[in-house]
Structure formats: structure tokens, C-alpha cells
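Here are the chains, one letter per residue:
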Amino acid sequence: MELLNVDNITMKFGGLTAVGNFKLKIVPGELIGLIGPNGAGKTTVFNMITGIYTPTINKIYFQDRDITGIKPDKIAKVGIARTFQNIRLLENLTVIDNVMIGFHLHLKSNLASAILKFPNYVREEESIYRKSMELLEKVELEKYELEKAGSLPYGHQRKLEIIRALATGPKLLLLDEPAAGMNPQETKDLMSFIQKIQNDFELTILLIEHDMKVVMGICRRILVMDYGITIAEGNPAEIQNNPEVIKAYLGVDVNYA
Amino acid sequence: MSLHLVLQNLANGLSLGSLYALIAIGYTMVYGILRLINFAHGEIFMLAPYFLFYGVLIFHLPWWTSIIAAIALTAVTGMLSERIAYRPLRDAPRISVLISAIGVSFFLQNLAIVIFTGIPKSVHRPAFFKRLFQFGEIRIQSTLFASVIVSTIFLTLLIYIVYKTKTGLAMRSISTDIETSRLMAVDVDKTISITFAIGSALAAVGGILWGLRFPQLFPLMGMMPGLKAFIAAVVGGIGNIPGAMLGGLLLGMSEILFVAFLPALSGYRDAFIFAILILILLLKPDGILGKNVQEKV
Amino acid sequence: MRKSLFVLTLAILIIAISSVSLAADVVKFGISEPMTGAMAVGGVLCMQGYELAQEQNPTVLGKTVELVLVDNKSDKVESASAVSRLIEKEGVVAVFVGYGSSCAIPGGEVANKAGIPMLSASATNPLVTQGKEYVFRACFIDPFQGEVMARYTFENLGIKKAALLVDIAQDYSVGLANFYKNTFEKLGGEIVSDMKYNTGDQDFSAQLSQIIASGAEALFFPGYFGDVALIAIQGRELGYTGKYLGGDTLHNPVLIELAGEAAEGLIASTFFAEDAPVIPESEKFVKLFKEKYNETPNAVSILTYDSYNLMLDAIERAGSFDPVAIKDALAATKDFPGAGGSITINENHDAVKPAILVKVVNGNFAYETTVNP
Amino acid sequence: MKKQNEKIFTILALIVLGILVYLAESNLDPYKLRILNLGAIYVTLGVSLNLIYGFTGQFSLGHAGFMAIGAYVTSLLVLPAYYKEMIFILEPLVWPFTVMHTPFIIALLLSGLFAAIAALLIGLPVLRLKGDYLGIATLGFAEIIRIIANNIPQITNGALGIKGIPEFTNLWWTAGVAIVTIYIIKGLIHSSYGRALMAIRENEIAAEVIGVNLTYHKVMSFTISAFFAGVAGGLFACLLTTIDPKAFMFVMTFNILIVVVLGGLGSITGTVLAAFLFNFSLEYLRPIEAGFNIGPIIIPAIPGLRMVSFSALLLIVILYKQNGLMGGIEFSWKGLARFIRKIFPNKKSSEGSSI
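Residue numbers (our numbering), protein chains in the order written: chain A, 1039 to 1295; chain B, 14 to 310; chain C, 283 to 655; chain D, 0 to 354.
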């Protein structure tokens, strides 16, 4: 059984087709790369999967459940988490708050017990705090616990955003250009980090990335998009040799040698 | 309802609506560029007819000189208010600017009370503006023609300025992104000053015509027209100049027709306007002519 | 520049707060009137009367009367604070809230609770004095006024169809219109159109078109004179040819100035008319008023003038500044010779006085008739 | 500083406050008490508006409307029956309002409840709107509430308003309600739900993607905010003893907004300070327009000057303190301790260990 089944969806903005007939099936445990030039429609795919946009035509299924047109928070609840191309942290909140907020959707205590600090809530909050600190330790951000998230260096912000996504307890994680703006060493660390969390959290990951080193390095399966449609699919070697891909993409602006 | 009553009410609505439209155009310009609800717009509007009144009555200026002086003075007041109360807050949180605008509004209102006293003053209208045009049983004030003509002229003029001149280009660029505009060597401060001058001049023209239509001045006279003009601007699509005009006409018309068709509910007149506003916001949040801007994710 | 502005503001503040004058042998009368806000003109008129009266009779029981004015901004919250301030901070022996029932009612609540006598010159709403031991008024009340105007419309003018245009946000307007309507319908007349507006509205074309279409021969509009002036002008512009009728707030020269020709023929009930046949005190007042202000006296000023003198008289009759004694003296007032007619306080603490009707003729208010209670 | 100690300090502070309230109630004149009461009511109003605007980031301009609902509910519930008969001179009060009567505290709670219900009904559709649009829509609702109050004399007595409301409000009530409000709203903010609210303020899309249900949290915040506005309205009615629709014009909302922004968005401490400052300065500026002498120069009384100076002051503060008096910083015992140590650096070691 596949975890995610994107069934031939199309997204139109006015007369413009941003994504056309996009198909994708992911089985649990996969790490899939989604590449393509700027404006190819990759982020739009993410936005449809996470409920920010509703596809104009056809449906998306998660664990055989139709999740088309469901609000983003409900989608987070069923187990899909994501990061953003332009990092969207809660900049004026502390680093620890940014992680703890990820646990909010699983909160069992009701509003009254949270306001009045009943023991059940206090216990839950403490456990959320512990779990959040553990997550922070994983990316070595625990010493920034009480800093404002917006004041962190860029690379740390990226990691924090991933950690926050993990806090929601996802089965599927969508990463939108996690390596953007990183230097080669950071990128390398990131690659091993992504593989590590995939193992540790038993995640399935869908990854948009411009840095070919990352995609070719860690993804077994890669999808290439251009002008809203999928032009190729296959393993790294197949993609590298696909003439369609080379024409549309690799030849244009990327040198990954 | 008899036909002539319907027609009379349509004329009434047009008359009120065209005045709303004029004020709304100025409102929408300032909002479109600064994203600032300029609560002081109504007070700027109130000052103009006072200036006119004092020009004619105290300084014995001829009407036309006085009108021009009043518009100029009001435009300067508008620019000054921007210079003093909004410019220093360019990088501050938007709410601070809004509070500053409320402060300017309170300040001008009370300054007017101190200077002009709270006692209403009558406007001595030139003969032309007292004239009535009668078509059968329907009576139309001359101000209706004046305001329709004037607002059409200004609408055209503004569209020309915004879309065909360099200043207009600068305005449009600031309205999209103030930071980038700075980088592109747009003189942001100057352009905003000009915008305020134009917006305030429009408020002045609206205020003067208002004073001629409703010949009475009092320091609080700008409050409700200011709020209505803002509603008109929102209904029409804020930042959109033809939209403001349309919104103003629509608002004036619906106010009048509401009372005309439901006289028993005349006490709910303003409530009806707010209900329309909320309904339009819910159905078409960007107003009737507004562009639907989707947030980039 | 900014710094100096800051310092200047601060300096003004400090000076303002520290300049408190103190004098012995002074007794304070507290006045809370609308000096700003929607009813500002009323406050100015009130002050003319108080000040003239104070000039004429500056002492009581050997002490000099000092008038302490606090602006209530035409606002009821401010009015309560203002009266509270007068009583607690200024230590006044009597309170005057002359203009506007909406300010006199909360002011009266505070004065009554504090046990300081309050006298309102021209607040006509029945609720001003109702159930308040310490609150009195020097004028008649709205039910009487409304009845007088309705009778006048039906009986004297012979009008059977009347319209109402009511300021729904003003208690005065709503109340008076209601009393007018009740009497008018009881007499057999018909209210053909009952329209509403809000204080500060400037466009009345829709309501007026409706009223004209309803065939009303008289329009009763008991609002504040600013709004009424606009209604009168717009009504004539839209072709209304019937009568304009209103209450005491309209008896104000500013109304005629604002409405111009449109005010011609308007009839209002009021407390006093310059050319009405009344007692010698009136003549004296008119002469003094004209000397001091170079204006025709108005009904509000004469009532505040009277209320000051009535308070003085009550204190003298009481023989002390004890609030209880003053209150009792006020309650016992009988045939006090006021400039605006003799005043007798009834068991409800309201003045029993005739109503006088005035009509605008050639840009001036002219005496029309007197209606006795 | 340990949590335990903080609790002790807070309890001590409350006791001190209680003593102060007692002293104020027994020594101050009604005029000063009125100002203090208004200040405390503004604390409740300001803190509740801060919840929806400062913490949740939703620009609501509807507070005056919720206050109005609260004020009318309380008035109708505590007004003595003979007064109900006496003041409704236009149209008699309709059943069941004629017979309803509850103690003050129940009336206050019901005031909050009714305001909250109104907020729920209004919030569900309009909280989808953003920014200024939300502001103008909520302002519209508040005005509609006020206009309706004008038009249903059989319940509200129309423009005549309700008079003779028993003067239940005193400092115990106003300060008590203010403290309960602060306690509950602070409790909310410092909880997982509060984090969700702040997440919405910071970035709606991010919040939603992390699983924060926008509608639920926005409406919850709006409703709680309105609840306290309603309670404050009830206190307000029983302080003034007379209310009418005019008291709840949108200027009232602006005043509360000014308090919140002056104090600093998202700072409860700032709101508390600003609430009192606002009411004090309004009162203490009064002498400005009464006329005074500077040496030989006599300044005549100029009505309106007070509000001119007030708005000038407001402008100056907002221009110099763009982030409000507290700039979003919150009072805490820890912060106070740091502050004291900064002022008395020599005592640092001993103070540090004892606090």
C-alpha cells in the first residue's frame, strides 16, 4: 500500500496551468527527489499536498484517505509535515517555542486545564518540553533554547524548521529546498542529517532541491518537472542520462560536476 | 412608490454618492500607497470648507481665490501631517502609524474646536449653488452637477497621473514594495508627500462641495463622511481609483434607497451600510474592482 | 526641534497642574456644561446666563460666589466625572448642569448620591429629576412641551397630518417626539411619516422625500438646532411647503443664522420670548444681557440666569450652606420671580411654568402665544 | 529565582494590592475612586484586546460593541424592578427582562457570556478576513450593535438609555476583575494554546501547516477577548449608573486600542501601565482648559485645549516610543531582580542569592 497517492492532479490559476496531470505514488520509507527549473511547479505540488491549494482537477490520497481540499492543519494531523523554501519560522518566538508548537496538534489537555495549569496539563507540557529539547539536541541547537528564532543564523533556522516539522510527528515529510543558501560543508551535514532523521523517525521524505549533489546523493527515485508537467522519472543514473531532462534543465543552468 | 419618488431618490443617492466618491478617491490613494487607514482624512476634509469660510468671511477674498487658497492650504496640512506624524514611523509597526493617524485625527478635530469653536457655522453659498433644477416634480441641487463633473475630472486626472507620469510610476512602485522602490532610486519621501498632497486636495474639493451641498460647518463634520468614504474605498477595492468612485456612488445610492424603500427602518441606515460592507468583504474581500491577490507561499 | 516641543508640552503641563487658586470667603458654584462636542453651543449660551447673574448678584450670606466650570464634552461619561470632580475636588455647594438632559441625568445621579443640590436650567427630560431628592430643574418637562406642540398643531393650525423626523441617538429628541405623537394621535391627528436619523447626519434627502410624499402638512423635528437647520434647508430644496415645528432647543438665534430663509415660519416651544408680555424682571434681564453681550437674549441664558438666582435665593432662605437645608429650601420654592417667568417647584422637583411659542418672522424669533400648564 | 519564590512574591504583591485597595476605598474621595475604577476597567479592556490583537495578531475593532452588550445585560439584570417600570417611558420593557433579576456577579458573568456568544457568531464568518479588512468589519459589527441598541427601545430604552443602575462597581470589583482577567489571559498565553495563538500572529501559513487550526484558535481568542470586554462593560455600567448607545461609539474602541499600543503590543504589563496613565492624563489635563495664570499673563479658559494637548501627547509618545512604553517586555520578578541588581551593583551578590 502506498503512503501517498497523487492521482493525476491539475492546478490552474485563472487561465494558467501551474501543474498539469501530476502523478506520484510514494511507498513508506522512500526518499524521493523532485527537481526542475524555477517555476516548474514543484512548490505548487507541495502546496496541494499540504492543503494550501486545492487541486482544480482530481484527488490526492494519503494512506488511501482522500485528503483533497482538506485544511492544512488537518493534513498536518494525519501525518504530513513540511518546510518552506523561504523559511517560515515564528521569528519573534523563542527557539524552544518554535519546536513546542509542533506538538500542539497532539495536545490532549483542554483549554481550561491549560489556562488554569491543572496537573494533567502541566505534566503534558513538561513532556512536550522534554521532547522538544531532545529534538533540539539532535541538531545541536539546545543552547539557543531561549533565543528568538529570527535571530539565529540562516543554517540554524533551516534545521530548526525541520525539527519543528518533526515535532508534529509526521509519516511523510516534505522538504522544500532545505539546502538553499548553505555552503558545501553545511550541505554535506544536511544530507547526512536528512538520512539520519529518515531512519530515526521512520519517515518517508519528498524533497525539492536545486542542489544536484543532494538529490543525486540521497534519493533513489527522482521526478523532474518542467512547465508544470512531469518530464522524467527514474533513478539518479537514468535522470542524468535522460535527454529530455538535459535539454530542459541540466543543460540550462546547473553544473553539478 | 410613485415613479417620481423613485427618480427623486435616485437623484438624492447620486448627489450623496458623488460626494462620497470624491472623498473616497483621496482615501484610496493614500491607502493604496502606504497601506495606512488615514483616520485623519475626515478631519482634513473638514478643514477645507473652514478655510474657505474664513477666506470669504474674514479676509474678504473672492470665491474662486478663496477656493484655491483653501485647497492649497488643506493640501499643505495633509503633507505636514504626513511629515510630522507618519514619516518618522515609516519603519515602525503598522499599528503605530494607525494610532498616530488616530492621534492626528483627534488633534485636528480638537484644534478646530479650539480655533473655530464648537458652534456650527453657516456657509453662505454663492447664488449658483443655491439654484435648483426642476425636471417635472424632481428637484436636483446644482451641487449634484458640480460634484459629478468635478469627480469625473479628478478621476481622469488621477488615472492619468498614476498611469502615465513618472510620479505615478513611483507611486505604483511604492505601493508594491517600498524597500525595493528605495533601491530603485525612487524618492520615496517625496512621492509619498505628493500622494498626501493630492489625496488631501481631493478631500478639500470634496469638503468644499460638501459644504455647498450641506451648508453648515462644525468640527465633527468630517467624522462620518470620512468613515463612509473609507467604507466606499473598501467596497470598491482599496487602492483602486475607479473602484473608490464606484464604491462611493454605490454607498450613497444604497443609503438613500434603503431609507426610501424601507422607511420604517430609517433608524438602521448606517447599520445597513456596515452590513453591506461586511457582506462584500466576506464575498469578495478585495472589493468589487479589487484584484484578487493570492499570497505567495 | 522635537526635544524643545517635548519640553514645552511638559512645562505647560506642570504649570497647568500647579496653578490652583485659593481664596477665603468664597463659595463655589459648580457648573458642568457642554463647552465642546455636539452640544457646545448650548454650553456657551448657558455660561452667558450664569456669568451675567453672578455679576449682578455676586454674594450670598456674605460670601463671594465663584463659578467653577468643567467641560462635559457633551458626553454623559464625562458629565458624571465632571460633577464628581466639582463636588469632591472643588468642594462646591451647588451644582448646575444646565444644558442637555443626557448630561444632566448622569450628573444628577452623582450629585444626588453625594447629597449636593443640583439645579438644571433647561434639561427637559422627565428622568432628570425623577426619584432624586437633591435634583431640581428650572424649566418645564418634555411631556408638557410635546403636548403643547401637538395641541397647537392640531387645534391652532388645524393640521391633521403631521410627520416626525427624530434623532434616534438623542434622548431629548426621542422623548419629545414620543410625547408629541401620543397627544397628536389622541386628538385625532395622524402621524403620516415617522422617520429617524442620527446626530451628526448631514444628508436627510431620503427621509424628507418620503415625508413630502406622505402629504404631511407639518413636520415636527425635535432635534438639536444644527441638524434641524440642515433639515429645514433640505426640506425646502426638495419642495416641502408645510410647517416646521420643534422644541425648545430650536429657540436659538444660531438656528436662524444656519437655516437662513428656510427657517421662516418655523414654530418652537420655549421658555421665554423677548417680546412676550412678562414680568419686570424680564425687562431688566433683557437690558443687562444686551449691554453685556450685545446680542438678543435666548431662552437658555435666561434659564441659567434664573437658576443661579434661584439657587442664591434658596441658600438665603435656608440661611446656611448646609446641603440639606438648601435642598429643602429649593423644594419649597413658590412663585420665585424669575426673569423667564415665575417659578414654582412641584413635588417632582420640576418647575411649573407656562410654555411660550415663538415663530421665525423675518429672520427673528417673534412671540406667538403662551400656553399655560 | 525559583518558581516557588515567584509564587510567594506574587502572593505578597496581591496582599499589598489588597491593602492598597482597602486604603483607597476607605480614604479616597469618589472622584479619585472613579478615575481609579475607570483605570482598572481599562486594564480589563486593554488586556482582553491585547489577547486578540497583540497576541493573536487579529486586528479587531469591535470591543465597544462587546462592551455595549455586557453593559446592557448587566443593567437589565441588576436594575430594580420599580426602576424598570419608571424609566422605560417610550415603550415598556418586554418580558422576560421585566422579571429577570440576578446578583451582580451572575450579571457580570452573563454579560461576558452574551458578549462571547456574539463574538462567536461574528467571529466565525469574519475572522477569515485579514488585517485592516478584519478591523473595518469588526468595527462595522460594533457599530451595528450600537445602532440596534438605538432602535429597540423595548429592551434598551433607546437613546434614553438605562438610568439608575445600582452602583455596585467599586475598586474591589474592578481591580478583582482586572486581576482575574490578567491571570486567565496570562495563563492562556503561557500555554500550548497561547503558543498556537502567537504562531498565528507570526505566520498564519506556517502555523496552519504545523497543525494549528486557524479558525478554532482565532475564534477562541476572539471569544475570550469579547467575554472580558463584556464583563468590563457590565462593570462600566455599574460605575456610571447610566448607559446609552452613545457611550459605545467606535471612539471607545480607539481609546482601548490606544491603551494597548501605548503600553506595547503583546505586553500585559504595558497595557496595565497605559490604562492608568491614559485615564490619569485625561483627568489631570483638565486644568489646562480651565484658564490659568503664568505670572502676569492670564490665559483664558479655552475649551477643547485638553483634548488638543492629549492628542499631542499621544502623538509625541507614539513618535518617540514606537513600540510602546514597555516595547513588548513583560514584568517578571526575575526581571525586577535583574533591574535592582543593575541599580545597586554593590549589593549584587547578597541580593542575587536571596531573591
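Please keep in mind that the hints were generated in silico from the structure rather than gathered at the bench.
Mixed in with the good hints, there may be bad ones.
[To be verified] Capping the alpha-carbon separation at 27 Å, the derived lysine-lysine pairs in DSS-like fashion look like this: (1) Lys-566(C) - Lys-525(C); (2) Lys-6(D) - Lys-333(D); (3) Lys-1109(A) - Lys-177(B); (4) Lys-1155(A) - Lys-129(D); (5) Lys-1109(A) - Lys-129(D); (6) Lys-31(D) - Lys-395(C); (7) Lys-1186(A) - Lys-31(D).
All figures in this text were calculated on a predicted structure; none of them were measured in a lab.
Right, here's what the structure says about each hint:
Distance hint between Lys-566(C) and Lys-525(C) is unfulfilled; the C-alpha atoms sit about 34 Å from each other, more than 27 Å. About 12 Å separates the Cα atoms of Lys-6(D) and Lys-333(D), which keeps this hinted pair within 27 Å; it holds. In summary, the hint linking Lys-1109(A) to Lys-177(B) is not supported, as the alpha carbons are separated by about 43 Å, beyond the 27 Å threshold. Distance hint between Lys-1155(A) and Lys-129(D) is unfulfilled; the C-alpha atoms sit about 31 Å from each other, more than 27 Å.
The suggested pairing of Lys-1109(A) with Lys-129(D) holds, with an alpha-carbon distance near 17 Å, which does not exceed 27 Å. The straight-line distance between the Cα atoms of Lys-31(D) and Lys-395(C) is roughly 15 Å, inside the 27 Å bound, and the hint therefore holds. With a C-alpha separation of about 42 Å, the suggested pairing of Lys-1186(A) with Lys-31(D) is violated against the 27 Å cut-off.
Going through the hint list in order, the structure does not satisfy hints 1, 3, 4 and 7.
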